[in-house]
Structure formats: structure tokens, C-alpha cells
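> Residue strings, one per chain:
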Amino acid sequence: MKVIKLTCIALTTMLISAFLCFSGGGKDEPAPGVEEEEVEVAAEDDVWVDEWIFPSSNIITGVSAYHGMLNEFGADMALEEINEAGGIRGKPVRVRWYDEGTQDSARAVAAMSSMLDRDPLLVMGPCSDVSVRAAVPLAVEEGVYSMCTLAGYPVAREFAPNTLSFVANDRDQARAAVYKWVEVVPGMKKVVHFTAPQSGTWMSIAKAENSALHDHDIETVDIAVPYDTINYGPIAVRALGENPDGMIFTSHPEGIAKIIVELHKRGWTDNPKFLLSQAAPVPELWQIGEGYLDDSYVWMWYDPNSTNPRWQNLSKRHEESFGSPATFMMVWKGYDELYLIKKCFEDLKITGNPAKLKEERIAIKNYMNNCSFESIFGHMKVVDGVRLNPTLLFTIENNRLGEVLVVPLDIAM
Amino acid sequence: MSLSLYYYFQLTAIFIMLGWTLYWIYRIGQLNNAPIAIMAIGAYLSSYAVLKWGWPFAAAFAFAVICGAVFAVIPALGLGRAPAFAMVIATIALIFIMQTVFRNLPWFGGALGLFGIPKIKNLLWITYGCLIFFGILIYRFDHSRLGRAADIVFEDRDVASTLGINIYLFSVCLQVMTGVMGAVAGVLYAFTIRTVIPVYFGFPFLLAITTFIFVGGYTTMWGVIVFTPILWGIPLILPESFAAYRNFIYGVLLMGTLLLRSEGAIDRRFLRWLRKSVVYAFEEISHRWKKLRQIRG
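So the sequence lines, in the order shown, correspond to chains A and B. Take the first sequence: its position 112, counting from 1, is numbered 156 in the working numbering, and each next residue is one higher. Take the second sequence: its position 59, counting from 1, is numbered 866 in the working numbering, and each next residue is one higher.
The set of hints was computed from the structure by calculation and includes no laboratory data. Cβ atoms here follow ideal geometry from the backbone N, Cα and C, with glycine treated the same way. Be a bit skeptical, because a hint or two may be false.
Stated by the list, open to error - Here are the computed distance ranges between Cβ atoms for each label pair:
1. Lys233(A) with Ala900(B): 34 to 44 Å
2. Ala399(A) with Tyr935(B): 35 to 45 Å
3. Gly1063(B) with Phe366(A): 31 to 41 Å
4. Trp1080(B) with Ala399(A): 47 to 57 Å
5. Pro327(A) with Ala891(B): 38 to 48 Å
6. Thr313(A) with Asn911(B): 29 to 39 Å
7. Phe366(A) with Val908(B): 37 to 47 Å
8. Ala900(B) with Lys309(A): 23 to 33 Å
9. Pro913(B) with Pro278(A): 19 to 29 Å
10. Phe1010(B) with Glu263(A): 28 to 38 Å
11. Glu185(A) with Trp914(B): 19 to 29 Å
12. Val228(A) with Ala891(B): 57 to 67 Å
Claimed, not checked - Derived lysine-lysine pairs resembling DSSO-like cross-links, with alpha carbons at most 30 Å apart:
13. Lys926(B) with Lys409(A)
14. Lys409(A) with Lys928(B)
15. Lys251(A) with Lys425(A)
16. Lys251(A) with Lys317(A)
17. Lys859(B) with Lys926(B)
18. Lys234(A) with Lys317(A)
19. Lys309(A) with Lys251(A)
20. Lys360(A) with Lys387(A)
21. Lys387(A) with Lys400(A)
22. Lys135(A) with Lys393(A)
23. Lys251(A) with Lys234(A)
24. Lys928(B) with Lys402(A)
25. Lys926(B) with Lys400(A)
26. Lys317(A) with Lys233(A)
27. Lys402(A) with Lys926(B)
28. Lys425(A) with Lys400(A)
29. Lys251(A) with Lys859(B)
30. Lys425(A) with Lys387(A)
Kindly generate the complete structure, drawing on both the sequences and the hints.
Next up, the structure:
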């Protein structure tokens, strides 16, 4: 009898807890009387909330959790600065993190639905292209603006005008970078392209890079680099077997570094004929490829060597925490998102009043799609929901990004 | 119903179905991961039929399930006699093959996949209808002579053969049935998430489902029903600071269960005990009720 009683109590408790937890909880709504009063007093402009809470879908678990950690690192720094300076419209700011997992569509949808249940003004993230594809449609349907992150241009454009892409127009940027590379390293007739078929974003960049090569009548040979490759020797041998004049690397940084090492071991020395894509410069690349990368080119759409004091400050903190200067975009993405939100809310005088939720959401969407703000790298413009940046073509010097060429996008138009 | 609750119920039902696909074939000692690959077929074909051919959902559903079943026959014929380990490896390979095929077929969107899948009204009811249907099917199977035959095959194949059980045919039939269930889960998943990308149907999915079934218990169909909602809900219950420990919790639960209760939390012994306890409790209650009435009377 005792066992039955205990089992019944345990099962009932579990059931009740589950229902309470999944029911979405009580929404942050005031008592009816208070609301009426606030609406009256709010007189258009007064802030209704005591604290701004922004939900953010982030990669907290799985093999890409490192990205999420960097995202949180940058956001925490922005929160610290913004709150020290009086918050947004005089109210403190907080980010509530939701785990979207790594390439986990179900988890991404669960995270987004939990965020949307709280009736947010906007959502930060999701981060990976898998999550963006799975979860952003929910936000779009609810009329909530989504600041999606790593998703490349074609993915982000699917949901326009309801999303802000913190990745710039990588199609035009990739083409511009290749145009410049072909100009500074002339005479190439055949280029091997290392691609990552697992990633829709990288494949769309690779496609743009190839189209720029074809514009110059350069033949391309694509070689897929699976994430789980152990021995990169055969890939290097296959590439060399094509007798190429140059090589483009649009794949994961670890793979890029290992292939370059293998190519060098097999006699390749002409590094200027290597072009690395924008996601490459992360610690794995520098650590694995040390001594083999100098004189190669890397194209990016932000400048990790920026002298902007805010970036310097973040980079310094990053070095203190992680042992290397910040180069990967996730570290400044959360930071810039929060500063853009701050500017948007202050310019539009957002109140956070639930009675105005719909109109404020629309105002935020319209504002964010075409605006400018002080990003961590300086003044930045957003046009039609996409961040505008010129392409930057770096040369690698002493195992880090060195001299830079600023390439206007219209070079490849 | 709140959005998160809706997706919680919807995804839980799909995961239970997937858990059952592993459970059902494991009744004869084979661990078949092909339903995940067939799930991809169901998801892609139904989405394609709706998006490109403009078919109604019901027709796309039927088409995808039939194609899934037909496809399930191909590996089933080859793997019918395979020992458990060979089947695990071969069907994991099948998942990778399927991912690669869909990634490289341009009309399925390549690495970018298919998107813009329309929202289906009453999908939750359809999903739970399918869940109940498969639940009844498996329950009937378990309590029929086929279920008893499966028990013997699980224990000793040689003995089963001497008793006249055609193990090959049995395995092929079960693989096709689980393939059908996988295809149904795929269609429902595609119309729940409303985009389809090859990476959805990969190893992480398989690991999650395997955890649900091995923690819940692989000797009865009830383990998956009870433990899938709990395990899937853990990250939602946990405060945000603990969310990062989801995989750790899964790992500990899996290891703990395998060490302490190798057949999972809900095994047949537990069910027998539960049944006895419930009967005993009812008898006790009715006995006391009668006594009480006698006293009052």
C-alpha cells in the first residue's frame, strides 16, 4: 500500500509539474485596474515595463555551443554598458536565453514557441540556418520581428520583411571578393573550390563565388569537404590532381586549415592563390594552420582589426577570457543587436505597453528594415533588412589578418 | 492552447511514433534505424507533392506513405536475416545515404531544402489520430500470437525456427510496418516544422529517439509513451541556467537506467507489478467501501 501511495503521489506531482511548466505560465500582465490606469497615464510615450526582457534563441547545447557562448559573451558586455548608462528609456535591460540546440529543428521550434508565448516585441535570433528555417516562420506568422543571425542572405531573404539579417548580402560580397582576388592574382584558368554541402549557407556562398569565376572564364571544380573527415590527405591529392591555378575554401575552418597543411606537405607553395571564405578566421584556423597560411587571402564583411574603441574593448576582454583576440562574428552579434534595439526603442519611443503591442511590433519592423546605428565597428546602415558592408579582402600575415583591401560591391554588379 | 504547448504535444506525439518504430522491430532483437531514413522520404515527398504539384494534404500524405512503404521493402529484403549489429550499421549508413541523396537532388532544393510548406488545420488531431491508430496496432500485435512469436525470436532464433516461425518473413514485415510508421512521422514532422532540410534527419535525431526508448524501456510500448514527454520536456522544465546540461542529463539518465534497470524504467516486470497493485488497490478500496456501507447500514 505504501509503495502504491508513493507511486501515486510521485506520478501526480510529475503530471502537475509538467502541466504547469508547459502551460506557458502566467503572462506578465498587470491587474486589470492597473492596466487601465497605465494606459491613461501612459499618454503615448511613457515606458510601461519595469524591465526590458528580450528573448534570444541561442545555440546553448551541441557541437556549436561555442557559438552560443560567444553570442552570450558579447550580449553580456552590451547589457553591462547599456544598463550602466541608464538602460533603454530609463529601464534596465535583460536577455532571456532559449536553447535552440545545434542543427536541431524540433528544439528550435520549441524555443521559438516558448519565446512567442511571452508576447515579445521582437526576438533575437535564431542563430543557425537550420533554426532560422524551422523557427522563423512561427515568428513571421505572429508578426514578431526576428533578428536572425548566421543564416545567409538567401535564407534570410525568404522571410523579408520580417527578419533582419546580421549576415550581410553574402552573395554580392562573395562575388565582389572573387572579382578582386582574380584582379590581384591574374592568369588563373582553373580553380578548385572546396565546399561544404552540409550547409545551405556555405553552398549559396560557394555558388556566388563560382559565378564570379565563370564571369572571368575560369573553370571551376568543386570538391566537397565533409565535416567528419579524418584524413584530409586524399582531398588534397584529389585537388592537386586537377592541376588547378588557384583554390577557394568555402568550408569549415578546421577542414580548411588541414587541407592547406596537406597541400603544403605535397609541394604547394603559392599561397596568394588561396582564397578563404569569410567564416574561416576563427581560432581553429590559426592554431591548425600556423606557419602555412601566410600570404593567403581571406574575404570578410567586417574588420576584426578595427580600431573602434568599443571593438578593441570587446576584443581585449575576449582575449582575457578565451586567450585569443575576437574574430568570429558571433562575439559581436549579440552586442550589436542590443545596441540596435536600444536605438530603435529610443527613436520610436517604444513603451512595451501590451495594449500597443501590435502597433509597436509593426513600428519596430518598419524601423529596423531600413535604419542606421552605431555598431561595434562604427556607423552601420541596414537596407531592406540586410546589413550593408563593403567586402574586405585581407592578406594573412604572421598567422593573423594583415593588410586589407576594401572592395566596393558594385565591382561585380 | 499556447504555441509552446501545441508544439510540445505535436512533437511529443511524433517522437513517440518514432520510438515505437525502434521498439517494434526490436521485439525480434533487431535494431533498425531505417525509419529515420524513411521519415526523410515521407517528409520530402509529401512536401514536394504539396509545394510543386499542388496536391491536397491528404493525397500527399497517402503518396508519401506508399512511397515510404515501397522503399522500406528494399533494405528489408536484404536485411531480413542480418544479425542485430549488422542491421544497426547498415541502417545508420542508410540514413547518411538518404541525407546525401536529398542534399544532391536539385529539385528537392539541395542543401537549402524545401520551405514554405503550408500550415495544415487540425494537424494535432491528425497526429494524435495516427498515434492512437499505431498504438492500437502495436498493442494488438503485442497481445497476439505474433507478439508471442516475437518474444521467442528475441530470446532464441534457433528455437523460434524449430517452432516454425519464418524469421526472415517476420523481419521483413516488421521492417515494412515500421517504415510506414516512419513515413507517417516524416509527413507529420514536415508539416509541423514546415521546412525540410537534409540535416533534420540525421544522427542527433536518432540519438534522441534511442535515449527515449532505452530509458523508457524497450520491452513494452509504454516506456516510450511515458518517458518521451518527460525527456523531451526536461529542457523546457529546467531553468535557463540549466539548459546547457540537457545532454548531460540525458547521458546520466541513459547510463543510470542501463546500469540499474537494463530493460529500461518500464519493463514487463514493472507492468505486472503495476497491474497487480492496481487490482489490489481496487479490491482494497471496494472491500473498505463495502465495510463502510455495512457499518453505516
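> Does each hint hold? Answer for all of them.
Okay, the hints, checked on the actual structure:
1. Restraint check, Lys233(A) to Ala900(B): a C-beta distance of roughly 39 Å satisfies the suggested window 34 to 44 Å.
2. For Ala399(A) paired with Tyr935(B), a C-beta distance near 36 Å keeps the hint of 35 to 45 Å intact.
3. Between Gly1063(B) and Phe366(A) the Cβ separation comes to about 34 Å, which falls inside the hinted range of 31 to 41 Å.
4. Take Trp1080(B) and Ala399(A): their Cβ atoms lie about 56 Å apart, and the range 47 to 57 Å holds.
5. For Pro327(A) paired with Ala891(B), a C-beta distance near 42 Å keeps the hint of 38 to 48 Å intact.
6. Between Thr313(A) and Asn911(B) the beta carbon distance is about 34 Å. The supplied range of 29 to 39 Å therefore holds.
7. With their beta carbons about 39 Å apart, Phe366(A) and Val908(B) fall inside the hinted range of 37 to 47 Å.
8. Hint check: Ala900(B) to Lys309(A), Cβ distance near 31 Å, so the stated range 23 to 33 Å holds.
9. A hinted range of 19 to 29 Å for the beta carbons of Pro913(B) and Pro278(A) is consistent with their spacing of about 26 Å.
10. As the Cβ distance of Phe1010(B) to Glu263(A) is approximately 36 Å, the hint placing it in 28 to 38 Å holds.
11. For the pair Glu185(A) and Trp914(B), the supplied restraint of 19 to 29 Å holds, since their beta-carbon distance comes to about 27 Å.
12. A hinted range of 57 to 67 Å for the beta carbons of Val228(A) and Ala891(B) is consistent with their spacing of about 59 Å.
13. Our distance criterion of 30 Å between C-alpha atoms is met by Lys926(B) and Lys409(A), whose separation comes to about 23 Å.
14. Between Lys409(A) and Lys928(B) the alpha-carbon distance is near 28 Å, which keeps this suggested pair within the 30 Å criterion.
15. For the proposed pair Lys251(A) and Lys425(A), the alpha carbon gap of about 26 Å is at most 30 Å, so the pair holds.
16. Under the criterion of a C-alpha separation no larger than 30 Å, the hint pairing Lys251(A) with Lys317(A) is consistent with the structure, at around 19 Å.
17. Proximity of Lys859(B) to Lys926(B) is assessed by CA-CA distance (about 16 Å); at most 30 Å being required, the pair is judged to hold.
18. Proposed proximity of Lys234(A) and Lys317(A) is supported: the alpha carbons are some 11 Å apart, at most 30 Å.
19. Straight-line distance between C-alpha atoms of Lys309(A) and Lys251(A) comes to about 29 Å, which keeps the hinted pair within the 30 Å bound.
20. For the hint linking Lys360(A) to Lys387(A), the alpha-carbon distance of about 25 Å falls within 30 Å, and the restraint holds.
21. Only pairs whose Cα atoms come within 30 Å are accepted, and Lys387(A) paired with Lys400(A) is accepted, the gap being roughly 19 Å.
22. Of the pairs offered as hints, the one joining Lys135(A) and Lys393(A) holds, with about 12 Å between alpha carbons and a cut-off of 30 Å not exceeded.
23. Simply put, Lys251(A) and Lys234(A) have alpha-carbon atoms about 16 Å apart, close enough for the 30 Å limit, and the pair holds.
24. A threshold of 30 Å between alpha carbons decides the hint, and for Lys928(B) with Lys402(A) the separation of about 24 Å falls inside it, so the pair holds.
25. Distance restraint check for Lys926(B) and Lys400(A): the Cα-Cα separation of roughly 28 Å lies within the 30 Å cut-off, and the hinted pair is therefore satisfied.
26. Under the criterion of a C-alpha separation no larger than 30 Å, the hint pairing Lys317(A) with Lys233(A) is consistent with the structure, at around 12 Å.
27. With a C-alpha separation of about 22 Å, the suggested pair Lys402(A) and Lys926(B) falls inside the 30 Å cut-off, and the hint holds.
28. The hinted pair formed by Lys425(A) and Lys400(A) meets the criterion: a straight-line CA distance of about 27 Å does not exceed 30 Å.
29. Distance hint between Lys251(A) and Lys859(B) is fulfilled; the C-alpha atoms sit about 24 Å from each other, no more than 30 Å.
30. About 13 Å separates the Cα atoms of Lys425(A) and Lys387(A), which keeps this hinted pair within 30 Å; it holds.
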